[in-house]
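Engineer: Chain by chain, the residues run as shown.
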Amino acid sequence: MSDGDLHRGQIEIVGLTRQFSNGTARSEVIANCDLTINSGMLTVLIGPSGCGKSTLAKLIAGYDTPTSGRITIDGRPVTGAGRDRLMVFQESALFNWMTTEANAQFGPRQTKEGLRAAQRQHVGDLLELVGLKKFAARYPKALSGGMQRRLEMVRALANSPDLFILDEPFRGLDAMTRALMQQHFAGMFEISRRTTLFITTEIDEALLLADRIIVMTNKPMKVAAKLEVDLPRPRTIATLYESERANQIKERALELLFPEAMKSFASPAKAVSV
Amino acid sequence: MSTVAMQPSVRFDRKRIRANALGRGLLGGLTAILTWEICSRAPQLFGFSVPYIGVIPAPSKVLVEWSILLNEPSYWRSWYQSFFRVFAGFGVAFLLGVPLGLALARSKIIFGALFPVFEVLRPIPPIAWVPVSIIFWPTQEMSIAFVIFLGAFYTMTLSTMNGAREIDPALIQSAVSMGASRWSLYRNVILPATLPSVTTGAAVGMGITWEVVVAAEMISGGQSDRAGGGLGRLMWNAYVTGNYNAIVVAMISIGIAGYFSSALVRLLGRQLAPWAAR
Numbered sequence: 001m002s003d004g005d006l007h008r009g010q011i012e013i014v015g016l017t018r019q020f021s022n023g024t025a026r027s028e029v030i031a032n033c034d035l036t037i038n039s040g041m042l043t044v045l046i047g048p049s050g051c052g053k054s055t056l057a058k059l060i061a062g063y064d065t066p067t068s069g070r071i072t073i074d075g076r077p078v079t080g081a082g083r084d085r086l087m088v089f090q091e092s093a094l095f096n097w098m099t100t101e102a103n104a105q106f107g108p109r110q111t112k113e114g115l116r117a118a119q120r121q122h123v124g125d126l127l128e129l130v131g132l133k134k135f136a137a138r139y140p141k142a143l144s145g146g147m148q149r150r151l152e153m154v155r156a157l158a159n160s161p162d163l164f165i166l167d168e169p170f171r172g173l174d175a176m177t178r179a180l181m182q183q184h185f186a187g188m189f190e191i192s193r194r195t196t197l198f199i200t201t202e203i204d205e206a207l208l209l210a211d212r213i214i215v216m217t218n219k220p221m222k223v224a225a226k227l228e229v230d231l232p233r234p235r236t237i238a239t240l241y242e243s244e245r246a247n248q249i250k251e252r253a254l255e256l257l258f259p260e261a262m263k264s265f266a267s268p269a270k271a272v273s274v
Numbered sequence: 275m276s277t278v279a280m281q282p283s284v285r286f287d288r289k290r291i292r293a294n295a296l297g298r299g300l301l302g303g304l305t306a307i308l309t310w311e312i313c314s315r316a317p318q319l320f321g322f323s324v325p326y327i328g329v330i331p332a333p334s335k336v337l338v339e340w341s342i343l344l345n346e347p348s349y350w351r352s353w354y355q356s357f358f359r360v361f362a363g364f365g366v367a368f369l370l371g372v373p374l375g376l377a378l379a380r381s382k383i384i385f386g387a388l389f390p391v392f393e394v395l396r397p398i399p400p401i402a403w404v405p406v407s408i409i410f411w412p413t414q415e416m417s418i419a420f421v422i423f424l425g426a427f428y429t430m431t432l433s434t435m436n437g438a439r440e441i442d443p444a445l446i447q448s449a450v451s452m453g454a455s456r457w458s459l460y461r462n463v464i465l466p467a468t469l470p471s472v473t474t475g476a477a478v479g480m481g482i483t484w485e486v487v488v489a490a491e492m493i494s495g496g497q498s499d500r501a502g503g504g505l506g507r508l509m510w511n512a513y514v515t516g517n518y519n520a521i522v523v524a525m526i527s528i529g530i531a532g533y534f535s536s537a538l539v540r541l542l543g544r545q546l547a548p549w550a551a552r
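Chain order of the listed sequences is A and B.
Read in this note's numbering, the first sequence has 158 at position 158, and its numbers run on one by one without any break.
So the number in this note's numbering is just where the residue sits in the second sequence, counting from 1, plus 274.
Take the hints with a grain of salt, since some may be wrong.
[Stated by the list, open to error] On the chain A side, residues computed to face chain B include the following (Cβ under 8 Å):
| # | residue |
| --- | --- |
| 1 | Ala61 |
| 2 | Ala81 |
| 3 | Gly82 |
| 4 | Leu86 |
| 5 | Phe106 |
| 6 | Gly107 |
| 7 | Phe135 |
| 8 | Tyr139 |
| 9 | Asn159 |
| 10 | Tyr241 |
| 11 | Glu244 |
| 12 | Ala246 |
[What the hints assert, rightly or not] Taking lysine-lysine pairs in the DSSO-like style, the calculated list, with each CA pair at most 30 Å apart, reads:
| # | chain 1 | residue 1 | chain 2 | residue 2 |
| --- | --- | --- | --- | --- |
| 13 | A | Lys250 | A | Lys222 |
| 14 | A | Lys133 | A | Lys112 |
| 15 | A | Lys58 | A | Lys112 |
| 16 | B | Lys382 | A | Lys58 |
| 17 | A | Lys141 | B | Lys289 |
| 18 | A | Lys263 | A | Lys58 |
Quick caveat, the hints were computed from the structure, so don't treat them as lab data.
Backbone N, C-alpha and C define an ideal beta-carbon position, used for all residues, glycine too.
Generate the whole structure from the sequences, applying the supplied hints.
Structural biologist: What follows is the structure, given as structure tokens:
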């Protein structure tokens, strides 16, 4: 796995604002948000449902443009989608008409030279790593939910992005599968140390994965707090359960999250969408 | 209390289900024909005549007429002519409708410019185009083909457009961010994603085409049998000459032809888009 990514994928966000307007109604989803995502680290964004985390992820990925403010990756401004920032969504965005292998190879194929032998090997290794090598010839519909998520990750990682964005990727999976996916993903990160932005609403998931947790407020979204997660790796669910430090961080995070969750509970869920 | 005998396993055996479906289909068909026959003979059997169904020529007579027609080359020529028109009209509708549908879905400019015109023309039934078609097109065949083309064209375009519109934006976003060129995006994402809608539109369009071909043939089938022809023409001639049995033969022939055409389209659809099978 590539270690060269350790110093790439640094995201600086300054004064980010995103407003949505639907006719006369205007909704400010993100207001003057400042944020840094450090390279080589796994940053988890946690916040109540509907607070705008997905919007932020899309802005960083380049699928959306901010109303005002600036986002840079390694000093370069973000102006649109690109291979250096790849995102895995909540719902499956796999190409159902392509096999598992074809899906995974899609990114590398888009270059002028097409799929080189080294890349084919790389994709094969990734599929092996997530346990999908056996299913290379199957179609996504034949895969289980967890396997589809893994395939989506492989498809993104095959492009060796500087920044890997995941928006609640394990949502909707049953508890057991979710736990296994979390452990697996933590393991993958520990090998590659690729800069990762992980969005979730589950605090336990955040603790297992994060080097740093950023707690976000409800709409309009700002940074509520940054929590350094200085727990040793590798982490397991069992050790976290007993760790004093882990519970400390969890308490602090819940303290911050609860009032925001209450606000979210009381207000209409989503932003005004265009 | 009787014990419920549990079968060791409920096997959803594909063959059995298909056989059952076929059996049910045959049973339904035979029952319908039997009822029809009985109603036709009602005056002799029961002493009263059944309205509507009783007036239609009996299946027995129809079958006799059919066996006569099967030996006449003009009957088979009718099949060929209708089929040719249907597939020609349908083919052009497909070749024009799919790209137009895609363009309408993907380009706001094209949509703004063309869709209003399209939507105003669409409610005009293909039959209403017959006079214009006869005036406009040089040959009679082309007039008929044009009317048939219209039948399928609107359906193909709309199905394709809606299919292309409904593509999950996440698919497009993923492909674009992985560096897909415009061409690659169309070939690898948009076209395959739209394909299930295209095949559905094609199956529906094929049915409409058959409705139109019959009417088109009846009207503009020409004064001479040789020039016009087709199953619609056959039926009309049977009516005009008072051969009521042949009318029913022609009707059922059209039904069978339409069924096979649609089945063919569905089969092709399943081959092209196996992932969309339910």
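Engineer: Take the hints in turn and mark each one as holding or not.
Structural biologist: Hint-by-hint comparison with the structure:
| no. | hint | verdict |
| --- | --- | --- |
| 1 | Ala61 | 7 Å, holds |
| 2 | Ala81 | 4 Å, holds |
| 3 | Gly82 | 6 Å, holds |
| 4 | Leu86 | 6 Å, holds |
| 5 | Phe106 | 6 Å, holds |
| 6 | Gly107 | 4 Å, holds |
| 7 | Phe135 | 15 Å, violated |
| 8 | Tyr139 | 6 Å, holds |
| 9 | Asn159 | 6 Å, holds |
| 10 | Tyr241 | 35 Å, violated |
| 11 | Glu244 | 41 Å, violated |
| 12 | Ala246 | 34 Å, violated |
| 13 | A:Lys250 with A:Lys222 | 20 Å, holds |
| 14 | A:Lys133 with A:Lys112 | 26 Å, holds |
| 15 | A:Lys58 with A:Lys112 | 27 Å, holds |
| 16 | B:Lys382 with A:Lys58 | 23 Å, holds |
| 17 | A:Lys141 with B:Lys289 | 24 Å, holds |
| 18 | A:Lys263 with A:Lys58 | 23 Å, holds |
Violated hints, listed in ascending order, are 7, 10, 11 and 12; each of the other numbered hints is respected by the structure.
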